[in-house]
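Trainee: Okay, here's what each chain looks like letter by letter:
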Amino acid sequence: MSRIRILVVDDEPGQRLTISKLLESHGYQVDQAPSCAGALDEARASRPDLAVVDYLLPDGTALDLLPRLREMVAELPVVILTAHGSIDLAVRAIKEGADQFLTKPVEFPTLLVIVQRLLESYRDRQKLQASRTRQARERFDPFPGASPLIRKLEADARRVAASDSPVLIHGETGTGKTILARWLHENGPRAEESFVDLNCSTLSKEFLETELFGHEKGSFTGAIGSKPGLLEVAHRGTAFLDEIGDIDVHVQPKLLKVLEEKRYRRLGAVADRFTDIRLIAASHQDLTELVRNKAFRGDLYFRISTIPLTVPPLRERVDDIPVIARILLDRLAADIGRSELTLSQGAEKALREYSWPGNIRELRNVLERGAILSERNMLVPSDLRFESQPAHGFATLDTSLSLAENERRYVETVLAEENGRVETAARRLGLSRNSLYLKIKKHGIVLSRRAAT
Amino acid sequence: MALSSVLNSDRIAALMELDDDGSDFFADLVEMYLEEFEVARAAIRTALDTGDQKVVGSTAHRIKGSSGNIGADRMAELCSELEAAAMAPEMTNGRELFSRIENHVPELLAALGKYRSR
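Line order of the protein sequences matches chains A and B.
Residue numbering for the first sequence follows the working numbering, starting at 11 and increasing by one per position.
Residue numbering for the second sequence follows the working numbering, starting at 137 and increasing by one per position.
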């Protein structure tokens, strides 16, 4: 990760060098400029984390420069130095947004303490802004269960967390890729910085571009002000791009530039800006296939796939399902004000036998719906409404139900699987067509077909 | 009013600590200061001859800052007096104040020389 960058602006070389040397000796990376114009060029190119600016510059004052710097780096902390130690000027400077106003020659310990405090508060503000850009979500263990697949994922993730290289997470929808990305951030070298996430599949090319890179005022109809992009907000932190395979091919080179040169350009801007992010990308698609089909750039794929991680689907770790269900039910119970929520043996069996195309997200939905609609604290198979058919035929046999109810559900399931075709359903059930019609009538089953037979 | 000391030893000690990385930062800084000072002296002299108060004031301000930066407190004070005089609607004692600056130069160079030879 790059060091904290401070921009020092003073036209007097001796003073500029002294402050730069002082800051460098304390581990900061310093960029220098002798004028307002030079400061704007430097800020655009290097994206400082803080600026120390002499009040009187050859082409303007620090108060002229301050708003223009903040157009480039929102909320940039600015310390103004002056040899005119008047109270009026100090009051004016603070009123106009300077964070600190110091008289020259500045005491070294004073400047260092102020710089450190301002950087801490700036980082807190950045983190707050980053948290506002994502949906509030609960923390969740990314490695629930004990199956070999999830244990391997945890071991792999622990090995790569400390790295600063891009990570590519592959996994079906609902497997918890975002949770894993957040875990990697929180256990990596940028944990104290912002985590920003964006799902690329839901946005049009234009919207995705402004979300990622930001835009300048007037860059398109409706751009009434300038706005920083998520890659700007994520500076020094982590950007998580979910469904990266859906990024438009015309946007892909811009993302590659961010990874290779740490540079990007806001929509409508004429100059590059600097950003230093760790990228975590995820996709449910096979990106190599997309590369073969020229829907995804090979150079970008190779850049992001340095460290690949695969989140296994739920159906491949059936033994983890009861563990995950219990974690989810504990959370649900707290959310909906129940003392506890548990599963009957039959319900647990049904969960294990279902194919879970929507993975953990679907499991949570099924449990949430069941918990809300059921008045009991123990969920039984009839409380579980799956979004598609069970994996192995009639999976929700529940001994707590009557024989008639189980028969009704069995017949209904087979009919649904046969798309309402009575003849094939009857053959599977070992009944004649007439017998099946009688059962349909007896249980009041409504036949529905997607196509006539 | 008591005059400031020629050099501020605390400031110089702080600057010399920046040499800890093995660089000659302090020596380079003094070198740079003296070069700038010579240019500024010439500029003030010319500005006094042509009656350009604005240049006298801005140059004195600049030298006041760089003098304070290297710990040349008395020089910074003398420059501050000249800057203040130049801010008045009509500067009356510019030459006198400038000659005080000129007269202080040998003392300052001698004091800086002691540090530079360490």
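Hints may be right or wrong, so weigh each one.
[Claimed, not checked] Examples of chain B residues lying across from chain A (beta carbon under 10 Å, computed):
(1) 141
(2) 145
(3) 161
(4) 165
(5) 190
(6) 194
(7) 200
(8) 212
(9) 216
(10) 250
(11) 251
[Stated by the list, open to error] Derived coverage of chain B by chain A (criterion: at least 3 residues anywhere in the stretch with Cβ under 8 Å from a Cβ of chain A; other residues may be distant):
(12) 167 to 178
(13) 182 to 189
(14) 229 to 236
Hints are computed from structural coordinates only; laboratory data are not their basis.
Beta carbons: idealized from backbone N, C-alpha and C, even for Gly.
Trainee: Would you mind marking each hint as holding or not holding in the structure?
Mentor: Each hint, compared with the structure:
1. 141: At 14 Å from the nearest chain A Cβ, residue 141 of chain B fails the 10 Å test, so the hint is violated.
2. 145: Hint on residue 145 of chain B: violated, closest Cβ of chain A at ~14 Å, above 10 Å.
3. 161: Hint holds; residue 161 of chain B Cβ to chain A Cβ min 6 Å, cut 10 Å.
4. 165: Holds. Min distance 6 Å.
5. 190: Hint on residue 190 of chain B: violated, closest Cβ of chain A at ~13 Å, above 10 Å.
6. 194: 9 Å, holds
7. 200: 6 Å, holds
8. 212: 8 Å, holds
9. 216: For residue 216 of chain B, the interface hint holds, since the closest Cβ of chain A sits about 9 Å away, which is under 10 Å.
10. 250: Because about 20 Å separates residue 250 of chain B from the closest Cβ in chain A, which is outside the 10 Å limit, the hint is violated.
11. 251: Hint violated; residue 251 of chain B Cβ to chain A Cβ min 15 Å, cut 10 Å.
12. 167 to 178: Check passed, 3 qualifying residues.
13. 182 to 189: It is violated: at least three residues are needed, and the stretch 182 to 189 of chain B offers just 0 whose Cβ sits closer than 8 Å to chain A.
14. 229 to 236: violated (count 0)
Against the hints set out earlier in the document, violations occur for numbers 1, 2, 5, 10, 11, 13 and 14.
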